[in-house]
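Q: Mind docking chains B and C on chain A? Use the hints.
Chains as they are written, first to last, in our numbering: chain A, 1 to 100; chain B, 1001 to 1191; chain C, 2001 to 2762.
Rather than coming from a laboratory, the hints here were simulated on the basis of the structure. Heads up, some of the hints might be wrong.
Stated by the list, open to error - Under 7 Å between C-beta atoms, here's a sample of chain A residues computed to sit facing chain B:
(1) SER8
(2) ALA12
(3) TRP20
(4) PHE23
(5) MET38
(6) ALA41
(7) HIS52
(8) VAL56
(9) TRP59
(10) ILE60
(11) PHE64
(12) LEU80
Every residue gets a Cβ at the ideal spot worked out from N, C-alpha and C, and that includes glycine.
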Amino acid sequence: MIDPLYVSGLSAMLFVMGLWGAFTRKNAIIVLMCFELMLNAANLQFAAAAVHHGDVTGWIYTVFAIAIAAAEVAIGLAILLSMYNQHATISLDEVELLKH
Amino acid sequence: MRLTSITTRLGLLALLFVLLGVLADEGLWEGASSTGLDTPMLADAMFGAWSLPLALLGVLLAVAMIGAAYLVRDERFENLVWQESGLNVAAIKAMGASTMEGDELTRFAAYLNQSGQDVASFFATIDLDASGTIDVVEFEAALRRAGIDHLAFRDVDALLRSLDVNGTGQLDLPELHNLMLRYGADGGEEE
Amino acid sequence: MSAETVSGTGLEVPSFALLIILLPMLAFPVILLLGRLFNGKEWWRGTLKEGGLIALPVMAASLIASLAIIRRFLGETSASATSTVMHWVNFAWQDAATGEIQLFSMNFGFYVDHTTVMLLFVASFLCLLINIFSIGYMNTDPVNDNRNHRFYAEFVLFCSGMLGMVLSDSFLWLFIFWELMGLCSYLLIGFYYERPSAAYAAKKAFLTTRVGDVFLVIGLAMLWNLFQPHAVGGDALAYSVVFDGANLQAIADAGKSGALQLALGFMFIGAVGKSAQFPLHVWLPDAMEGPTPVSALIHAATMVNAGLYLVARMFPIFGAEAMHGAFTDLAFLIALVGGITACMAALIAFVQMDLKKVLAYSTMSQLAYIFTGLGAALWLANSLDWHHDDAAHTIVVVAFGAALFHLFNHAMAKGMLFMASGSVIHEMHHAHHDVHHHHDHDEHHDDHHDEDHFDAQSMANMGGLASKLPITATAMLVGSASIIGLPLIGGFWSKEGIIANTWRVALEDPRFFLPAILVLVTAGMTGFYMSRMWFMTFAGKPKSEVAAHVHEQTPWIPVPLLVLIPMSLSAIVFASLEATHYLGDTGSHLGEMGLLDGFLYEMEHAFANHDPFFLVLTYIAIGLSLVVGPMAAMALYGGQLADGEVAKPWLKPFVSLSARVNKRHRFDNAALAEGSLATALQERLYFDAWYDAACEKLVAGFSNLAAVFDRRVVDGAIKGIESGSQSTSRQVRSLTTGSARDYIMMAALGTLLIALVLWGVA
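So here's chain A without its partners, still in its complex pose (with noise of 0.2 Å):
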């Protein structure tokens, strides 16, 4: 087995990933694919937790996570379907209607 502390570590690394394409990408669907990679490396972490301490919760979270993901993918895609609709374009940048 994989030591899971180099899977923590990954799981680290993929979350600060994630993150800095969330503040750096324009367009918006690569914004909801950082949000998922997020996700993702929340999920390896409780899955490396689990299989270290022997605890089935872990996994269970996991479970959990990923059924919430998807929920928030769904509704996330359709949010952005609206805003192509409104704004015909899905860059962040220039839809900015609420600049004050």
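A: Here is chains B and C on its own, set in the frame of chain A:
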């Protein structure tokens, strides 16, 4: 802005190191278990202790899906129609929603005749940026001056395209002449 | 004046003394109210003289009560007992620390001693006479119709103030009544408030005396501070506390006599303001804007004497054994101020053409004389060992007595002079109306411009009135003689006393030479300007048509004049009375003197003094005031009456003498009259202009400061808050960029923060 982005990136890097540092803490990794985990254990837990939360999760998921489906219902409808009959619903919608009444060009020609100007000077008054051609915006402005203001923008665009014989996307002087000939009162049905 | 003025050992003041103050004070609202209600009614104007005949019995009652008090205390040598009439502040509390009950009470009561007797008589007597005079003066002048009630109301209030001040037993109450008089003087000077000059004069009077009052308050505060340890739980300014020998000894032992001198000095400055001495004298000439009875009462007879009363009241402190030698500087200051003012006022009176202004400056000058006399007396009381040495005791007592007696003489004479001048002006007005009436009837001339500019008060329009206004002329003659110091009449006895005493002190303290010389020179100047006034008005030919038509016609006016003439003439009687009183108390070798002995003492003292220095001095003073001054005046302004006019027999010699001197010694004073000195004097030595400019700068400076403060600090603070909040909101607003990416970042940062906090907590 550059400063902010640099700060952000450095901050994220710092965050990474902090996270790694926290995770490397030995205290977190005590109590390693000898027995491994396997799928039957997961199934056992899921349908045993966690059955109720799982059910609720299912309900939540269903609600989310239904909601998302509702949000994109128009697109799903279009997709369904295209799938079933190959029709491009969007285009049909665009067509069906025409605001044209049919006599716009006649009225426009009549307006030109009444102004008493000859076609060349009329062209000059329509062509606001003096580019030698009339584009959609100038055409629309001219229509409004003539009292034709009920048209939607895409209908104006369609009108222009119907007048645009040489396919430049804009009207030039001969095409305006053409318009007068075809729809002008004294022009009549001459072709 | 006794050796030790310890109050509380004398007679009780009878409680009807309260009526003296209370009756006039209550008459004030009564007259005011009735006047408001019944204004315009015939019976109010005719029978009650618009309040005049309500005021008259009130003042008469005050006078009778005053005389009763005076009679009781006339022979007394020590002050009255402490007689409290009411407690007006009275509260008790429990001391938190010691648990015992602490009391604090302040009283109002009466204090009568010789000074009180003197001023009480002067004030109540003259108030009554001037009341009679004003019924004749105010009620016959149509310009005053329907507002006389205001006059009489303020008049009685003022009288109550003066009488209250004189009778009260604490410096605090002195101050309260002092301020009351200041208010009434403002109201009465500005009686003709529709005239801007009158309003200005009232304001000027009030503000100038206010400046003095500030110092008075400071002095009283310092006095309270000094005497508080000796009067815990009570009024530290009561005379019983302040004059107490033991208290003064304690203060001297504590080394605080310098502070006490400073306090008395500040109080003196208050007196300077009230009595119109240099440098706070500028209000007195302008105060002539008020009606003549007001000038008579306030500025000759009673209010300006308040300042003198205050200084006289300090005598027991100066004379206390504990304070021996500590107050000579202050005494010198008092005398110096007096000397300077006397000379300055006399000089300015040289060039005055307005009858009342001459009298105003004369008042200033004579009050200065009294201050000089008081200064000398206080110096003597403070420097000589008069508690133990009989001769010193006599000197001190006589010196103080001379100053007070001059106050008495001056009040009588000046009141009479003002009333007589009022009579002259009044008759000039009437004659002017008659003449004008005549003109209109006979010739239909358009002389209206003449009426507007005719100044009934200017001596340039008078002349030859001796035959036309005999009673007035006599009154003015006697009054002037008293002021000048004609031998045997009025002011002579006191003036010589003051001059002699000032020189006596000068021999011991060389600083006093300055006031002594000034006072001597001023005697001559007084002779000049008073004679000038009389001869310009009453001798010579009438200088205007109006003057030719004048005749004495108004009732009521001659009455007070006729009463006061013998008062001044018989001053020798009063002088003798003074002498017996002063000298017959402490077992000096003069012992119990009779009136005749007093008379002989006075005569000898005046004309045949033992000390050759003082003998020469007396005769120099007599010569200056009697001969040099009047002769110069006669030479310039004398003259025979108009043809066919005959003066009364006792006036005739004066007129003839003046005519003769004028014919023989007439000299041309045109060069002097047009010279720069004359111009400066006419501008009142530029004091008014300088004060106006300084005040303007001061007020403008403060106003500008306040304006800058308002703009920068107050407005600036508000604007600062406004701009601060705006910039803060702008900065916070800039967070809402509308960009989703920024919001993601903010959300992430927030979450991170919470995680940090939770991790830290855990």
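Q: Confirm or reject each hint.
A: Now for the hints, and whether the structure bears them out:
1. SER8: holds (4 Å)
2. ALA12: holds (4 Å)
3. TRP20: Since the shortest Cβ distance to chain B is 5 Å, the answer is holds.
4. PHE23: Nearest chain B Cβ about 6 Å off; hint holds.
5. MET38: violated (12 Å)
6. ALA41: The hint is violated - ALA41 (chain A) has no Cβ within 7 Å of chain B, the shortest such distance being about 10 Å.
7. HIS52: It holds, given that the least Cβ distance between HIS52 (chain A) and chain B is near 6 Å, below 7 Å.
8. VAL56: Result: holds, 5 Å to nearest chain B Cβ.
9. TRP59: holds (5 Å)
10. ILE60: Holds, because the Cβ-Cβ distance from ILE60 (chain A) to chain B comes to roughly 5 Å (cut-off 7 Å).
11. PHE64: holds (6 Å)
12. LEU80: violated (10 Å)
Violated hints, listed in ascending order, are 5, 6, 12; each of the other numbered hints is respected by the structure.
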